[in-house]
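*Asks:* Go by the hints and put chains R, X and P onto chain B.
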Amino acid sequence: MNQYGMLSQLLDVVMALLLAPLLTGWLNQWRALLQNRSAPDLIQPYKVLHKLFFKESVIADHASPLFRMVPYLVFGCMTLASAIIPMLSTDLPLAPAADAIALVGLFAIARTFISLAAMDIGTAFGSLGARREMLIGFLAEPALLTVLFTSSLITRSTSLTSMVTSMSHNSFAIYPSLAFAGIAFVMVSLAENARIPVDNPATHLELTMIHEALILEYSGRHLALMEWAASLKLFAYSCIGLAIFFPWGVSTSASPLALMMALPVLVVKLAIGGALVAVIETLSAKMRIFRVPEFLATAFMLAVMGMLVHFLLGA
Amino acid sequence: MLVVLTVWLAIGTFGVLALHRFALVAKVFFPMGAAASLVLCVAAASAMGGAAEVAELPFGLPGLNFHLRLDSLSALFLMVLGGVTTGVSLFAAGYFRKGEGTPPGLLCLQYHLFLASMALVVLADDAYVFMVMWETMALSSFFLVTANHRIAEIRQAGYLYLLLAHVGAIAILLCFGVLQANSGDYTFNNMRAQHLSPFWASIAFLLALFGFGAKAGILPLHVWLPEAHPAAPSPVSALMSGVMLKTAVYGLLRVTFDLLSVQLWWWGVLLLSVGLLTALFGVVFSAVQVDMKRLLAYSSIENIGLIMVGMGLSLLFYAYHMSALAALALAAALYHVASHAAFKSLLFVCTGSVLHATGERNLGRLGGLIRYTPWVAWLSLIGALASAGLPPLGGFVSEWLLLQSFLFTPGLPNSFLNMLIPVVAAAIALIAALAGYTMVKFFGVIFLGRPREEKLAQAHDAGTLEKIGMLWLVAISILLGLMPSQILKAISPVIKQLSLFDLSPSIAANAWWLLAPISVARASYGPVIFLLGVAASCTLAYILVRLFYHGRLRRSAPWDCGYPLQNARMQDTAEGFGQPIRQIFEPFFRMERELPSPFDAQPRYRVLVEDPLWYWLYLPIARWVERISQWVGMLQKGRIAVYLLYSFLTLVALLLMAKQ
Amino acid sequence: MPNLVGQLINLLASILLILSFAMLSQRRILSLIRLFTFQGVTLVAATILLGYSTNQPHLYYSAALTQVLKVMVIPTLLHRLINHLNVRWDTETLINIPTTMMIGIILVIFSFNLAAPISSLSTSIARSTLGIALACVLLSFMMMITRAKAVPQVIGFLSMENGLFFSATAAVYGMPMVVELGIALDVLMGILILGVFMFQIRERFDSLDISHLEKLKED
Amino acid sequence: MNWLLLMLIIPFAGAGVLALYGGRERAPEVNSAFSFATFIAAAMLTSKVIADGPLYALERQFFIDPLNVFLVTLTAFVAWTTSLFSGPYMRIESDHGKMTPRRMRLYHSMYQLFTCAMLLALTTNNMGLLWVAMEGATLATVLLVSIYRTAASLEAAWKYFILCGVGIAQALFGTILLYLAADRVIGAGTGALLWTNLEQVKTHMEPTILSLAFVFLLVGYGTKVGLVPLHNWLPDAHAEGPTPISAVLSGLLLNVALYAVLRCKVLVDGALQNHMAGNMMIGFGLLSVLIAAFFLSRQKDVKRMFAYSSIEHMGLITFAFGIGGPIANFAGLLHMTVHSLIKSAIFFAVGHAVQKAGTQTMSRITGLLSISPTVGWGLMLGSLAILGMPPFGVFASEFLILTTAMRELPWATPLLLLALGVAFAAVFQRVQPMVFGETTAKPLQHPPALIPVFMHLGLGLMLGLYIPPYLVAWYQQAARMIGG
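Just so you know, the sequences run in chain order B, R, X and P. The opening residue of the first sequence carries number 0 in numbering that gives the first Met the number 0; numbering runs sequentially from there. The opening residue of the second sequence carries number 0 in numbering that gives the first Met the number 0; numbering runs sequentially from there. The opening residue of the third sequence carries number 0 in numbering that gives the first Met the number 0; numbering runs sequentially from there. The opening residue of the fourth sequence carries number 0 in numbering that gives the first Met the number 0; numbering runs sequentially from there.
The reader is advised that the hints may include incorrect statements.
[Unchecked claim] Cross-link-like lysine to any residue pairs, in silico, SDA-like; alpha carbons within 25 Å at most:
(1) R:LYS454 with R:PRO373
(2) R:LYS26 with R:THR5
(3) P:LYS299 with P:PRO228
(4) X:LYS214 with R:VAL641
(5) X:LYS216 with P:GLN359
(6) R:LYS636 with X:LYS148
(7) B:LYS54 with R:GLY550
(8) R:LYS636 with P:LEU286
(9) X:LYS148 with X:PRO74
(10) R:LYS636 with P:THR360
(11) X:LYS216 with P:GLY357
(12) R:LYS454 with R:ASP559
[Claimed, not checked] A few chain P positions that, by computed beta-carbon distances, are all more than 10 Å from chain R:
(13) LEU5
(14) ILE39
(15) MET43
(16) THR45
(17) HIS95
(18) GLY190
(19) GLU198
(20) GLN199
(21) SER362
(22) ARG363
(23) TRP410
(24) PRO442
(25) GLY457
In case anyone wonders, no lab produced these hints; they're calculated from the structure. Where a beta carbon is used, it is the ideal one built from N, C-alpha and C, also for glycine.
So here's chain B without its partners, still in its complex pose:
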């Protein structure tokens, strides 16, 4: 560890915090574009956050301290997640604190607390959302883990930085197992980040909403933190996907020059990724909530298949 390491770590976090809403905005722009709508501003998410932070926070009469605590906690979790995912550089002093499994655990904490907070108010919608969120979670989490397992079996490490390092520095090889894992990962990411076809981030329709039902009771700064955390999550997922499947361009040292090189590469990759997500969202239809388990089970199966393929073909 050196001061460059600290620098790269700091840069990693700050960049994630700053760029995350931008990614959301970029995605919304693309969606609007694909759907022939006029798009909101690219920096619209920042405006929304600012507005929400400024507003007074209203909470239910009988909300417990847990309810007020959760937004900060979720935000904290997502921040830590972005700190340990190698976005620009693999030289991250914090990275040893959590490997891929712990990362999934981190997401699980956030999910658990959001669900608990939703149940705290005791309205029908809150607990409904909590149940659905946990349903998605318990199916998506193993699928995500399995995806990570596949790559960790290839790289013989569960540490994210080591994975990226060895992936990007191996001579270019085609891993059929990663193809399976990749599809599974995309499906899981869509589900986890409340995108179509699993959830629609843009509606408040009781029958279908999941994420929105969870944060229904939040307002003001709490809601802002939740929204920000959601963007961060999307950002983190995208970065994980990029780090595992397209690791090229991530710097392995923390020298400022390397970081400067890595940043544009990441932005480009994210831009392409965001656009692709928008395309998928536009092409697919929102599915019934009862179909979601099937969708996720498919993802899980694909991930397991990926792992099996790795063993069968040795690749």
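*Replies:* Here is chains R, X and P on its own, set in the frame of chain B:
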């Protein structure tokens, strides 16, 4: 060590003498027992890693005194026992109330006898004392379970429990019969020296698996667990789930790794698959329960399954002489033993407090307790998080280690196994996630939301002693979560003793806050940093928000979606929360459903989820026994001529036999 | 001379066997008692004969004991019993007589077969009768199985005792005197108790049909 | 003073005295006094044996060796404690009108006679006298079983009499054959029936005769032991007789009969030099354990159930002796001791429970714990002990038997596992609601004598944890003697 046991027994005896003096028993004896537990825990910790201490007591069979031996493995389980019972005894001191079932003094005797027998099971160094203590443990816990014997269900639960415990015990006994190899010497030392053929070794292993499995609650011998745990008083459930199940784990470890000189790879596969099935079954059932203690009982089944998976994996590696991996898997299993002991007993004592506060076990009638019993709620939140396997608590560490040991599988010599193991890893991930689901349900439905019943508003928080007990258990859970490398280093003598591989150098190679059993490049986990990271970002976010914006807050009624008639009963129920699981895992269950029709004046919805194994396995066995005893009954129809005929035929048959 | 005695004893043994068969087939209680008395007489004769030929005085005591007990006391007791109880009537057997006889013959063959190797080892001049004694025991056993009333069952029991006595006498010239006395005492006690018993049974059930005694069973 | 003869004379004299005065008000105490005197004599005898080793009396007609010394003490002890229990118990029965002074006289007298017969059977060296004593014990108990003069008790006594009478007749035939075999080696006379003499020449005796003799002896004495399928008298007699008698039948008489079988087995094993006797006993034992277990699971009457439990345990002991060898024999002897202690304790508890509830039907006896914790705990602990729960002694012997069987007769262990499991399920399922739950029973007029229950349970507990060294020595010597 023996001093502590004597103290326990003495307390028990005093308890009987002070049969009905409640205050004395509760406020003096139980805290004294807790102090003894603490001493036990410390003594065991100091014995860890040292040379085995041997003692002989002048009891037992002729030529076979009670042999006791304290080695690292025993020390580990004694630490778990001492650590957990310190908290539970303190809790129990505040928990037991006057005038319920068994007189307090007797309860005190049974309780401390239970503790002492568990300790002696772990210390036993010959088959006889092991079996005696094993059954004493079953018996004393049976009496504790049936403390309130006026309720028929409790009696039924106790019956089922003791029956399975006894059948299991006979199997264990037979296992020792195999192990002693006809030498007539029942000491463990002799058993270690015997070289059994693979056939007999397998018989011994299977018997041990059956016997200890019946106590641990592996599939399909788990049926007593969800009955007995809810029936027992909560501190007892806590001990049974937290510690007693672990003695079964101990027994299986002792037999397979220590006493048997041969290990076959398929044992590992068997243990692995049984463990996996048990875990899956347990967690799925736990997710659909509506009784909070049953939910926890099924969750215990799940955790035992996970421990078995770890042991199975370790056994598999061990049989293939991959001792480093065997050590890792074993570390996972042992770590889970400790962390499960802590968080599950914590959760059980919490349900005890809830039960006292509300008199209600049914999740459908609870809710919103975080406002009335904040201590219980916040402390059980820690337990629930640990149980859900979330970082940075104890449950996560063991799951992490387990998954690591799966992922580090380098090609085993058996390609089939190579395929199998990653699939198991995926299944473990699924189980862990489902456990999270279950715990959200558990905590959310009990403590969050609005109270589903009027009377819940009168719920009172736990008393001082109860709080101290719970805090102690929480402290252990947190410690187990934050200090994995320290703790693993401390228990590495055990792992070395069993798997012949020392993990401590590779652990010690890293900073104290970092757990990296192989190397940092391969995998690492630093819970302290993890926690600090989250805490720092939370605090920072909080400060920054206050700094740049404001902290204004207004309270109002929650948004009702334009439907003002909503009330507390319309919250998601426990059944509702379990509905997706019921749907996805439908083949697992045996369900009876009563759905309302749109025309019902008073629509009712009812669902009853039952264990299909009960119908596939236990009831047929019961029917067969009944049928056979019908046939046997035909032998005795009261006619003396027929009886004489039996004698006559017997005589003739024996004469014919003797003539040859 | 020993040869003649041996033949005589064999003859008496055959008479015993025939008596056993007769009892097996006999329906009337009175005749049964009479046959039982004959059995006793035959036993006494055989014992005296053996005692005389082997010059063993204790066999005379034994014979006297038998005379008193089995020829005099027990038949008298039985007579009085059936008079009191008024059960002179025919008894029905549980299995019909021809079948019983068939089984009886098989039993005889079986016991001869069984006793043959032992008889050859015995030094007694009456050794060849051991098979007959065994057959008597088994036939009496058989009789107890097939009878449905209490009194014939008891007679079967006593006749079994006779068979045993005969075997003891024939094979080993009787048991030591202490034992012999003890056995006699027990038999006497037994018969007394039986008598008392039968009165009580009669009192309770108004009949000595043991089919009434089938209440205690697994149902 | 010759304690041995005194021990035999006291109960005999007691029988005489009580035959005359047994109907008086204080007769139960007198009965206990005689039993206590017997026990004292037995205890003195035992202490003498501990000090001096085996001894003979009356020209070797009586003897005490390691195989019978502990049985003698046990018998005298249980007979004494049972008489303590029987006092208040029979008083209550009289109050219920079930006993008249005449019947009391008969009861007390026969009780002493029965004790005497059993002690005689145990101490005699003469196989013929052994038979006589066994028959005497049978006759005495027949009268005791039928003492209530109810239809059921008469029927039970009748069956008992006929079945055991026929059985014991077989044993007599066996004894005659034994004498025949001995005659050829030792020569005629009383000496040829002395077990000690037979034991010395056992290897010279003719195997063909002895194998037949053993069959008759086994069937004969086995009927009294209650081995399936010769057991049919046992449940009836236990259920219908007075409870003190059930206690001594189960606790003592069965032991004595088994003791007789053992004596014979030693001789036969010596002559045959093969495992025939052992195999037969294994067969009987297994069959008894299995069948009795299934019988247990269909019982409604509490005393009947514990009678079947006795069959089961006798089967187990027979099985153990069948296996033979130092450990299994040791276990068998230990099991005999503990079973008789525990089973009689159970019958004591059951007796009072039945009196309290006014019925023997188990479904109508509930909640003993709430009306009388001592009876309840006595029954509960006793049942658990008899089911093989440690730390009671039954477990110790089952431990040894099962572990030995696992290697000697592995095929039998699944059957034993099944039988023990079924038995546990059956008995415990019935005992638990009797002890636990709400009560229907009423208090009694006389305070029940429960000291014997806990005395027995305490001894049973002690034997599970610690066996006195001289007892161990006896067991070991006896086990060696039984061989196998």
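*Asks:* Decide, hint by hint, whether the structure agrees.
*Replies:* Results for each hint:
The hinted pair formed by R:LYS454 and R:PRO373 meets the criterion: a straight-line CA distance of about 17 Å does not exceed 25 Å. Restraint check for R:LYS26 and R:THR5: satisfied, since their Cα atoms lie roughly 20 Å apart, inside the 25 Å limit. The suggested pairing of P:LYS299 with P:PRO228 holds, with an alpha-carbon distance near 21 Å, which does not exceed 25 Å. This hinted pair checks out: X:LYS214 and R:VAL641 have alpha carbons roughly 14 Å apart, not beyond 25 Å.
For a cut-off of 25 Å, the pair hint linking X:LYS216 to P:GLN359 stands: about 15 Å separates their Cα positions. The straight-line distance between the Cα atoms of R:LYS636 and X:LYS148 is roughly 17 Å, inside the 25 Å bound, and the hint therefore holds. A threshold of 25 Å between alpha carbons decides the hint, and for B:LYS54 with R:GLY550 the separation of about 10 Å falls inside it, so the pair holds. With a C-alpha separation of about 19 Å, the suggested pair R:LYS636 and P:LEU286 falls inside the 25 Å cut-off, and the hint holds.
This hinted pair checks out: X:LYS148 and X:PRO74 have alpha carbons roughly 18 Å apart, not beyond 25 Å. Between R:LYS636 and P:THR360, the direct Cα distance comes to roughly 19 Å. Compliance with the 25 Å bound is thereby established for this hinted pair. Pair hint X:LYS216 plus P:GLY357 holds up; C-alpha atoms about 21 Å apart against a cutoff of 25 Å. A C-alpha spacing of about 24 Å is found between R:LYS454 and R:ASP559, which places the hinted pair at or below 25 Å, so the restraint holds.
Chain R leaves P:LEU5 outside its interface by the beta-carbon criterion, the shortest separation being 31 Å against a cut-off of 10 Å. The beta carbon of P:ILE39 is kept farther than 10 Å from every beta carbon of chain R, the shortest such distance being approximately 28 Å. At the 10 Å boundary, the C-beta of P:MET43 stays outside the reach of chain R, the nearest C-beta of that chain being 25 Å off. For P:THR45, the condition that its CB be more than 10 Å from all CB atoms of chain R holds, with the nearest at approximately 18 Å.
Once the 10 Å rule is applied to beta carbons, P:HIS95 is consistent with being away from chain R; the minimum gap is 27 Å. Taking the minimum C-beta to C-beta distance to chain R, about 27 Å, the non-interface status of P:GLY190 holds against the 10 Å cut. Non-interface call for P:GLU198 relative to chain R: holds, since the shortest CB-CB distance, roughly 21 Å, exceeds 10 Å. Residue-level check passed: P:GLN199 sits 24 Å from the nearest beta carbon of chain R, beyond 10 Å.
Under the 10 Å C-beta cut-off, the non-interface status given to P:SER362 relative to chain R holds; the minimum distance is some 13 Å. Listed as a non-interface residue, P:ARG363 keeps its Cβ farther than 10 Å from every Cβ of chain R; the least gap is roughly 16 Å. Distance to chain R confirms P:TRP410 as a non-interface residue, since its nearest Cβ pair spans about 12 Å, more than 10 Å. Taking the minimum C-beta to C-beta distance to chain R, about 19 Å, the non-interface status of P:PRO442 holds against the 10 Å cut.
No beta-carbon of chain R comes within 10 Å of the beta-carbon of P:GLY457; the shortest separation is about 14 Å.
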